[in-house]
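Following the hints, complete the assembly by docking chain B onto the known chain A.
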Amino acid sequence: MAASPVPHDTVDPPAVRVRDLRMSYGDHQVLTGVDFDVHRGEVVCLLGPNGAGKTTTIEVLEGFRLPSAGTVEVLGVDPATGDDAWRARIGVVLQSWRDHPRWTPRRLLAYLAGYYEPYSTPAHPRPWDVEDLLVIVGLTEEADRKIATLSGGRRRRLDVAVGLIGRPELLFLDEPTAGFDPQARRDFHDLVHRLSDLEGTSILLTTHDLGEAERLADRIIILADGRIVADGSAEQLTRQVAGTSEVRWCRDGEHFVHATDEVVPFVRQLLAQHGDELTDLEVRRADLEDTYIAMVQRFESRPRRHLAEVAR
Amino acid sequence: MSASRQAVRQGLRRGWTEFVQSLRSPQDQGFYLFTGVVTLGVLWINRDNEVGTTGLAYPTFALPSVLAALLVFGVVIGPAYSLAMEREDGTLLRHKALPHGMEGYVTGQLTLQSLSLAPSLLIVLLPSLLLFDGVMQGGAGGWLAVLGLVVLGMLATMPWGMVLGSVVPGVQKVGTWGMLPVILLMATSGVLVPIQAMWGWVQAVAQVFPVYWLGLGMRSAFLPPEAVVNELGDSWRTGPMLLVLGAWAVAGLVVAPRVLRRMARKQSGSTVEAARETALQWVR
Numbered sequence: 003m004a005a006s007p008v009p010h011d012t013v014d015p016p017a018v019r020v021r022d023l024r025m026s027y028g029d030h031q032v033l034t035g036v037d038f039d040v041h042r043g044e045v046v047c048l049l050g051p052n053g054a055g056k057t058t059t060i061e062v063l064e065g066f067r068l069p070s071a072g073t074v075e076v077l078g079v080d081p082a083t084g085d086d087a088w089r090a091r092i093g094v095v096l097q098s099w100r101d102h103p104r105w106t107p108r109r110l111l112a113y114l115a116g117y118y119e120p121y122s123t124p125a126h127p128r129p130w131d132v133e134d135l136l137v138i139v140g141l142t143e144e145a146d147r148k149i150a151t152l153s154g155g156r157r158r159r160l161d162v163a164v165g166l167i168g169r170p171e172l173l174f175l176d177e178p179t180a181g182f183d184p185q186a187r188r189d190f191h192d193l194v195h196r197l198s199d200l201e202g203t204s205i206l207l208t209t210h211d212l213g214e215a216e217r218l219a220d221r222i223i224i225l226a227d228g229r230i231v232a233d234g235s236a237e238q239l240t241r242q243v244a245g246t247s248e249v250r251w252c253r254d255g256e257h258f259v260h261a262t263d264e265v266v267p268f269v270r271q272l273l274a275q276h277g278d279e280l281t282d283l284e285v286r287r288a289d290l291e292d293t294y295i296a297m298v299q300r301f302e303s304r305p306r307r308h309l310a311e312v313a314r
Numbered sequence: 239m240s241a242s243r244q245a246v247r248q249g250l251r252r253g254w255t256e257f258v259q260s261l262r263s264p265q266d267q268g269f270y271l272f273t274g275v276v277t278l279g280v281l282w283i284n285r286d287n288e289v290g291t292t293g294l295a296y297p298t299f300a301l302p303s304v305l306a307a308l309l310v311f312g313v314v315i316g317p318a319y320s321l322a323m324e325r326e327d328g329t330l331l332r333h334k335a336l337p338h339g340m341e342g343y344v345t346g347q348l349t350l351q352s353l354s355l356a357p358s359l360l361i362v363l364l365p366s367l368l369l370f371d372g373v374m375q376g377g378a379g380g381w382l383a384v385l386g387l388v389v390l391g392m393l394a395t396m397p398w399g400m401v402l403g404s405v406v407p408g409v410q411k412v413g414t415w416g417m418l419p420v421i422l423l424m425a426t427s428g429v430l431v432p433i434q435a436m437w438g439w440v441q442a443v444a445q446v447f448p449v450y451w452l453g454l455g456m457r458s459a460f461l462p463p464e465a466v467v468n469e470l471g472d473s474w475r476t477g478p479m480l481l482v483l484g485a486w487a488v489a490g491l492v493v494a495p496r497v498l499r500r501m502a503r504k505q506s507g508s509t510v511e512a513a514r515e516t517a518l519q520w521v522r
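Quick mapping for you: the protein sequence lines, in order, are chains A and B.
Under this note's numbering, read the first sequence as residues 3 to 314, first letter to last.
Under this note's numbering, read the second sequence as residues 239 to 522, first letter to last.
Each hint should be verified, as a subset may be incorrect.
[Claimed, not checked] Calculated Cβ distances over 10 Å to all of chain A for the following chain B residues:
{"hint": "1", "residue": "Leu430"}
{"hint": "2", "residue": "Ala442"}
{"hint": "3", "residue": "Gly490"}
[Unchecked claim] Selected chain B positions facing chain A (Cβ under 8 Å, derived; list incomplete):
{"hint": "4", "residue": "Gln244"}
{"hint": "5", "residue": "Gln248"}
{"hint": "6", "residue": "Arg252"}
{"hint": "7", "residue": "Gln259"}
{"hint": "8", "residue": "Ser263"}
{"hint": "9", "residue": "Glu324"}
{"hint": "10", "residue": "Gly328"}
{"hint": "11", "residue": "Thr329"}
{"hint": "12", "residue": "Leu331"}
{"hint": "13", "residue": "Leu336"}
{"hint": "14", "residue": "Ala489"}
FYI, nobody ran anything at the bench for these hints, they're computed from the structure.
Please read all numbers here as calculations on a predicted model, not as lab measurements.
For every residue, glycine included, the Cβ atom is placed at its ideal position computed from N, Cα and C.
Excised from the complex, chain A in its bound form:
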């Protein structure tokens, strides 16, 4: 069962399959029909503003929350009925806070690793060797320090190590780099690439950091106000938004802006029409950030529901 890194022609069922996922708490609709797949070996980023439903989506997939409606399959299994053998194939990186303050990273990882031993197979040995994992996440120096004394960034590395300890086929990360300094963030990005390239791990992560999504993901799914507003690679998304380029010019002291897909014909026409009257001609290609903001704004300018992040 070699997992193909190519997204669209895999033989295996997708790592994650979501169809018409809906979630509401009373009158408050958090997800209003979400559909997407994560293919084997793919790194997919759920991107969206706070309250868009990212955390709710990932918690449904982790089996920590029951959806109101829709079908969800994770490694071919409904998370609501997923058993412990299913659980052993999945890694969850949690936002820890102050748990296990008296433990050391080495001791905690060795303890957690024990749960995965019965699920080891020759084809897929589990768990990770604790020493190797400490090296991979860069925690060797702090391995024997009390967890309570670790800095925020080091703690998050430990969280990632905990999510990885069972050598998961599919890894969920919710806001993995919140509170990271730039160096820690770059190290983390390297780690994600390594996991995806070397281990073939399928990864689904949430972030509200666009740059991070662009750097990490094979595919970006933008969630806004409880639904998917865009799904594709960074490049595809940039092309999707109406008018990928912006032309600005100045004529008779007046400023004009026009968004267009066809930059060259438009500019040719513009020059032909106005010739020397034109000053300050500027063509700017929309980048992903423009796309993202445009998409989120388009959906949020509609009659809006509550955007408060859902607490329970």
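What follows is chain B alone, placed relative to chain A:
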């Protein structure tokens, strides 16, 4: 090897690790020392007082009841506090994400709380044996009975500590939901004040709960036979005592797993996050 058995083994390992860490922590050492010194101080000050008409010294009479009180307090408040805390800080969620993790977690909690009982009882019992005369009047049989009662008392009360820790809305509520009722129960159950000092209806209510019966059992194990005249109905009521404690144990072992499962189902990253927000506001 079965994954379930492996998880229980991991739980035992967890309980032991946490126990050793607790013994090494100045905070927990301070707690043990504090309860020890206060209890022994009260017994010491009253060492020359005699109780009732039996000529028993106060420390001899009071020690069995004090041990019962310490046991109940330890195994109810201990797990209640741990559980409420670990629901909030994400420990539980980590285990929920593991295969058979909840089995391991609960085993760990039971192991830790049982082991922690040893220092909290011994810190009072061992010095008492040196400081006071005639603490144990029941001989070897008495010690055996004490051991049995400690186990039965744990079974009868610890599940309720776990239930408490599962239902309290937050760690700050353990005081009002847990500490207050337990202290009230101890005050009325004849382990701190003789039960005869209470109104009749209070006596009746106290005899529904396990604290009174554990105290009675402990006294029957430590004290000489003639001390029975200090008890209600001039009887140790050994049969009813075993029955009541047994009933609480069975009820607890039926109820606790259900409540724990229900609580675990509701755990998610958002609940931990919400608890964190609340706690941070508390700090601000």
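Given B/Glu324 was flagged as interface, is its beta-carbon under 8 Å from a beta-carbon of chain A?
-> Where the cut-off is 8 Å and the nearest Cβ of chain A is about 7 Å from B/Glu324, the hint holds.
Supplied contact hint for B/Ala489, tested at 8 Å Cβ to chain A = violated, 28 Å
Hinted contact B/Leu331 with chain A - closest CB pair below 8 Å = Holds. Min distance 6 Å.
Against chain A, with CB atoms and a cut of 8 Å, does the hint on B/Gln259 hold up?
-> holds, 4 Å
Taking 8 Å as the limit, does the beta-carbon of B/Gln244 come near enough to a beta-carbon in chain A?
-> Constraint on B/Gln244 satisfied, holds at 5 Å.
Could you check if B/Thr329 really has its C-beta closer than 8 Å to a C-beta on chain A?
-> This hint holds: B/Thr329 lies near chain A, its Cβ roughly 4 Å from the closest one there, short of 8 Å.
Is the shortest C-beta separation between B/Ser263 and chain A less than 8 Å?
-> holds, 7 Å
Measuring Cβ to Cβ, find out whether B/Leu430 lies farther than 10 Å from everything in chain A.
-> holds, 33 Å
Using 8 Å as the Cβ threshold, decide whether B/Gly328 counts as touching chain A.
-> holds, 5 Å
Would you settle whether the hint for B/Leu336 is holds or violated, based on the nearest Cβ-Cβ distance to chain A being less than 8 Å?
-> Holds, because the Cβ-Cβ distance from B/Leu336 to chain A comes to roughly 5 Å (cut-off 8 Å).
Can B/Arg252 be said to touch chain A, with a Cβ gap under 8 Å?
-> holds, 6 Å
Exclusion check [B/Gly490 not at the chain A interface, CB over 10 Å] = At about 26 Å from chain A, B/Gly490 clears the 10 Å cut-off, so the statement holds.
This entry does not satisfy hint 14, going by the numbered hints stated previously; all others are met.
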